[in-house]
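Residue numbers (numbering that gives the first Met the number 0), protein chains in the order written: chain A, 0 to 338; chain B, 0 to 338; chain C, 0 to 338; chain D, 0 to 338.
Treat the hints with care, as some may be off.
Pairs of lysine-lysine, DSSO-like flavour, derived with a Cα cap of 27 Å [to be verified]: (1) Lys-66(D) <-> Lys-66(A); (2) Lys-66(C) <-> Lys-66(B); (3) Lys-195(B) <-> Lys-195(A).
To be clear, the hints were calculated from the coordinates, so they are not data collected in a lab.
Each chain, written out:
There are 4 protein chains.
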Amino acid sequence: MLILLRSDASAADRARVAALIAELGFEVRHIPGRQRDALAVVGNDGRLDAARFTALSGVEEVVHLTKPYRMVAREWRPEPTVVAIPGGISIGGKAVLVVAGPCSVESEEQIFRTARAVQAAGARALRAGAFKPRTSPYAFQGLGAAGLALLAAVRKETGLAIVTEAMDEAGLELVAEVADVVQIGARNMQNFALLKRAGRAGKPVLLKRGPHATLTDLLLSAEYVLSEGNPNVILCERGIRSFDSTTRNLLDVNAIPAVKSLSHLPIMADPSHGTGKRALVPAMARAAVAAGADGLLIEVHADPEAALSDGAQSLYPEQFASLMDELRAIARAVGREIA
Amino acid sequence: MLILLRSDASAADRARVAALIAELGFEVRHIPGRQRDALAVVGNDGRLDAARFTALSGVEEVVHLTKPYRMVAREWRPEPTVVAIPGGISIGGKAVLVVAGPCSVESEEQIFRTARAVQAAGARALRAGAFKPRTSPYAFQGLGAAGLALLAAVRKETGLAIVTEAMDEAGLELVAEVADVVQIGARNMQNFALLKRAGRAGKPVLLKRGPHATLTDLLLSAEYVLSEGNPNVILCERGIRSFDSTTRNLLDVNAIPAVKSLSHLPIMADPSHGTGKRALVPAMARAAVAAGADGLLIEVHADPEAALSDGAQSLYPEQFASLMDELRAIARAVGREIA
Amino acid sequence: MLILLRSDASAADRARVAALIAELGFEVRHIPGRQRDALAVVGNDGRLDAARFTALSGVEEVVHLTKPYRMVAREWRPEPTVVAIPGGISIGGKAVLVVAGPCSVESEEQIFRTARAVQAAGARALRAGAFKPRTSPYAFQGLGAAGLALLAAVRKETGLAIVTEAMDEAGLELVAEVADVVQIGARNMQNFALLKRAGRAGKPVLLKRGPHATLTDLLLSAEYVLSEGNPNVILCERGIRSFDSTTRNLLDVNAIPAVKSLSHLPIMADPSHGTGKRALVPAMARAAVAAGADGLLIEVHADPEAALSDGAQSLYPEQFASLMDELRAIARAVGREIA
Amino acid sequence: MLILLRSDASAADRARVAALIAELGFEVRHIPGRQRDALAVVGNDGRLDAARFTALSGVEEVVHLTKPYRMVAREWRPEPTVVAIPGGISIGGKAVLVVAGPCSVESEEQIFRTARAVQAAGARALRAGAFKPRTSPYAFQGLGAAGLALLAAVRKETGLAIVTEAMDEAGLELVAEVADVVQIGARNMQNFALLKRAGRAGKPVLLKRGPHATLTDLLLSAEYVLSEGNPNVILCERGIRSFDSTTRNLLDVNAIPAVKSLSHLPIMADPSHGTGKRALVPAMARAAVAAGADGLLIEVHADPEAALSDGAQSLYPEQFASLMDELRAIARAVGREIA
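Take these sequences, add in the hints, and give me the full structure.
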């Protein structure tokens with residue numbers, strides 16, 4: 000951390016900054032300049048809070064030289080994390096994991112038909128929501144506990160691993176009993192109470208990036224989960240909010256190689272939410288794998304036209320099957336395979 | 000709602016759309032065009048979910064003609080909501096309410112000194128956090144229940160109304176016992192479980208806009224609270240995330256008149272988070288009042304240099320006192336007064 | 000175009016809107032609603048200016064039902080445009096065109112070494128700037144006419160097609176004499192005087208998307224060039240400005256399939272400017288081809304460490320050669336080939 | 000400038016960086032750290048190009064300690080620039096300058112009627128476009144030279160100072176003959192050829208911020224004008240592009256105090272383009288003055304409903320007159336006055 004002083008900082012200002020650095024247990028180094036001076040903090044592993052310095056008199060700016068996270072950082076743990084998921088699958092290794100399914104569990108028939116369709120196309124994990132965070136209180140909110148029971152039944156019958164979202168702490172208890180992977184949705188990415196609880200859930204956590212979150216924000220949210228004792232975090236890029244409304248969101252493909260350079264955690268992409276338009280999903284799914292994604296989350300519905308939510312971005316089963324073929328070709332082209 | 004068909008939509012596509020409109024209980028109107036046709040839904044009061052139509056075959060786009068919210072809309076309730084707060088104050092009427100205080104409750108001495116300072120300058124409500132949502136798990140997380148107890152003591156001694164944040168459902172119970180106004184923070188703006196709980200809290204709710212939220216998103220989140228039975232919602236603009244890192248956030252002053260044209264709810268501005276820089280706070284506080292804000296949320300700390308969080312954007316007590324004088328002049332210039 | 004009236008619009012308001020529609024030569028259709036009415040304009044092919052209606056009394060909003068461009072629209076010309084470039088190459092067909100080279104022409108030795116390196120790796124076109132738009136007046140501004148002369152010499156000796164930027168009308172005359180493709184840079188995407196001049200240049204135009212431009216803005220800028228008589232426009236996505244400074248820009252891969260659905264023009268991607276970081280270029284180049292890009296613009300420098308501009312995002316010649324192998328594999332996987 | 004090395008940088012990497020610093024004429028200072036080292040460049044006044052270092056092997060990141068501009072910086076010239084404009088007016092001093100007028104000159108009657116209306120309300124300068132940059136080639140493009148002639152006639156008869164836009168170098172010659180202030184529009188903010196030409200125009204320049212430009216970008220564009228010898232630059236905030244389409248643009252009020260802290264140049268605000276909606280203009284005009292703007296640019300049209308461009312954001316003459324009264328009250332409240 001570098002503390003840049005103002006050109007009119009006094010000797011007392013400088014002394015106060017130096018004293019606080021020492022008081023917090025770090026070494027201080029003085030860097031004289033022509034226009035203004037700086038003080039470097041030596042020994043910070045990223046956990047030092049810059050806010051302690053920005054308020055001090057005479058301080059112009061605080062520059063991070065070390066990333067503000069530690070446990071998730073590749074700098075401190077170079078080898079990639081491979082997260083094991085029940086059913087003999089994993090994510091973060093050579094195989095690219097495709098998780099597919101409808102936005103919501105709507106009925107027994109709908110979830111079984113969709114599950115079988117995605118399994119037939121080669122998917123090994125099903126994603127479907129029982130608890131649905133919806134922007135409007137008038138939109139379908141999910142089946143709740145009844146939806147979880149249907150997912151448990153699907154797993155029992157098909158062997159597919161189950162990924163489903165928890166929206167609050169009480170729900171997380173229920174979800175963690177059924178799910179193989181607990182999803183924290185984009186809107187809850189900075190619901191820190193929920194993140195801490197997920198850190199004690201005993202299940203892998205799929206953490207979706209908020210539409211406004213920087214990669215630093217995302218990695219700090221993951222750090223919350225790891226720091227509570229759960230190392231099995233899977234990150235997921237699902238589209239950011241941009242100034243162009245041509246697509247609902249803008250899948251940030253850059254985040255895939257960027258996160259891999261910053262962190263050892265696996266990263267997936269969700270081209271369905273990432274675009275909001277069915278016609279764009281295959282191209283963006285291929286792009287994500289070509290860019291190095293460790294997995295994909297793809298919305299598929301047995302009958303998208305009847306879907307109660309997200310139908311416009313859900314693939315038809317036959318589209319998903321042909322996309323899987325395309326993805327196998329792309330995976331081979333980058334030296335990987337589809338799980 | 001207008002459902003725009005693709006130029007290659009079939010008669011069957013059209014019939015299916017029309018049938019769904021009827022099935023959902025609305026009237027349908029056909030609008031033939033030269034390139035493509037459209038179907039209008041007549042009778043929607045804003046609660047119809049567009050997603051039901053976007054997935055249908057032959058549909059190009061769904062255009063909202065009615066705003067997707069109802070209870071918060073000025074269109075359906077023209078007169079402004081005035082929220083009464085214990086201690087003889089209110090927000091949404093002629094008087095502009097200034098709420099001030101430190102980011103966090105840090106100690107008995109700190110909170111009492113700051114409370115007395117803001118009261119001396121004319122503030123009638125204190126904002127301070129006992130539960131703090133922090134981007135990093137290594138930053139100060141607040142005193143919790145002990146902080147609430149200190150706030151209760153402050154109120155008892157000073158008579159200041161208390162505004163403080165709840166981060167989760169369990170915390171909301173505790174907060175609602177002590178606070179006069181329960182704050183839902185920007186990162187929890189779409190924590191729908193928490194919003195529903197706040198709708199049953201029996202206390203006014205201060206809902207802060209997320210840094211990525213459109214005004215429609217914000218108003219839909221408020222609709223969650225109202226639709227659970229709590230009409231006393233105060234909106235708060237606190238800075239959006241922009242592409243320019245010159246300031247930490249970008250206070251969206253436009254949101255003030257825009258929200259007032261869309262909704263009957265009162266709206267405040269938080270120039271402290273909205274800029275992140277102490278030096279910019281007075282100018283932006285004045286701007287917000289000139290633009291029609293019903294209130295301000297301003298961070299003040301008895302000793303900003305010792306603050307455990309947000310010190311860089313907290314005013315010194317004497318700065319706050321002189322800002323209050325400036326605000327009185329601006330309020331008069333727009334035909335209002337400071338509460 | 001749909002003109003949505005306010006709920007309090009008067010009969011006179013409605014009549015005035017209808018009269019203006021008729022006066023502009025279109026047919027009007029009345030759409031009564033429960034809350035408010037609308038008027039549809041029938042016969043607009045996208046060239047009608049919405050601004051003529053938004054100012055009228057009683058008008059709430061104008062909704063575009065037809066895209067505001069015509070000549071570039073796939074709706075009006077379904078078959079893709081294939082732009083022929085001297086030297087037996089083209090863009091927009093099955094083959095993916097890779098254009099490579101340094102940011103700027105710096106010296107005879109630099110440009111010849113780099114040109115030979117990219118040619119050896121399989122590139123068939125060279126991009127290098129003689130005129131450089133730089134954010135700061137203190138940064139290297141290019142060799143100007145001397146740079147163009149060096150590019151002419153490179154073409155003569157290597158047979159590589161030359162792509163180079165024109166920054167103003169006078170420069171465009173010079174550039175068009177030498178270049179096989181004239182580039183309009185991102186900062187000039189809405190320099191309409193320059194666009195019109197490029198429409199009369201007699202050479203294909205490579206139009207780069209501005210970092211803030213919506214796809215509609217980009218296509219309208221292309222429409223300027225086409226409407227002056229030049230159908231040979233190649234679009235190029237080169238990164239938008241986002242809220243996250245982890246990368247210099249954010250390559251919007253979504254724009255590739257989205258533009259292809261909206262327009263018949265070929266689209267390239269520039270992963271070098273699109274990320275600003277050499278380490279991210281290969282992944283994003285692969286992603287762009289997987290998403291359907293018709294071409295790539297990649298910065299390569301014989302000695303990036305000595306580059307006077309953009310060295311941090313320029314590939315080393317050997318990196319470029321190995322990227323070309325990766326791209327061939329990706330192109331095959333999507334049923335295409337590298338030109 | 001601080002050059003942060005990677006943790007795996009070699010001694011040779013470090014030596015090369017140090018050698019380049021020395022070669023460019025600066026002093027180098029070594030800053031050892033625990034994880035990684037850094038090198039500080041001493042003596043840079045802001046004009047050193049960071050790109051020269053970012054490409055070097057072993058370099059992680061380059062951190063600016065000095066702003067990358069010099070002539071426009073308050074750090075190097077603390078006293079504010081007051082730009083004198085013919086007709087006894089000026090901007091940058093105590094008086095706030097209101098410039099008003101229609102988007103475009105449309106006809107003799109329109110421009111004279113509007114000019115007299117704004118003058119009657121107290122405006123002392125007229126802004127109207129003869130050359131209009133329009134996103135669509137099908138929108139009204141202005142009257143050109145005939146429009147300039149009308150503006151000259153208006154000035155002669157009314158004495159109002161004239162502000163009008165130049166879109167290209169040839170047009171700038173024409174504009175500079177007639178205008179008292181030459182406007183460079185938002186879309187040309189980084190048209191560097193035009194900026195350089197404006198630096199030699201002999202007239203004050205009104206430089207509008209691009210909707211995507213950071214304040215650093217804006218100040219660097221102003222630096223282009225100053226570095227060509229023209230110190231009379233007036234900056235203008237006119238709305239940035241945001242993710243929320245509720246308003247056409249988002250007037251960045253924060254930019255006003257932020258620019259004033261960074262630069263000695265005067266700054267205006269344009270609430271008309273900054274919101275795109277007539278109903279929001281008065282509130283945002285008041286906010287801008289309350290935040291410290293040195294001037295306002297406000298669209299007024301004698302008959303907004305008949306305007307060929309921007310009618311929806313143009314005030315009626317009587318609205319403008321009553322806004323002027325409001326602005327006088329706000330100006331007084333902040334210790335200023337309306338010119």
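Going through the hints against the structure:
1. Between the alpha carbons of Lys-66(D) and Lys-66(A) the distance comes to roughly 23 Å, so the proposed pair stays at or under 27 Å and holds.
2. At most 27 Å may separate the alpha-carbon atoms for a hinted pair to count; Lys-66(C) and Lys-66(B) meet this at roughly 23 Å.
3. Taking the CA atoms of Lys-195(B) and Lys-195(A), the gap is about 21 Å. The hint holds against a cut of 27 Å.
Of the numbered hints given earlier, the model fails none.
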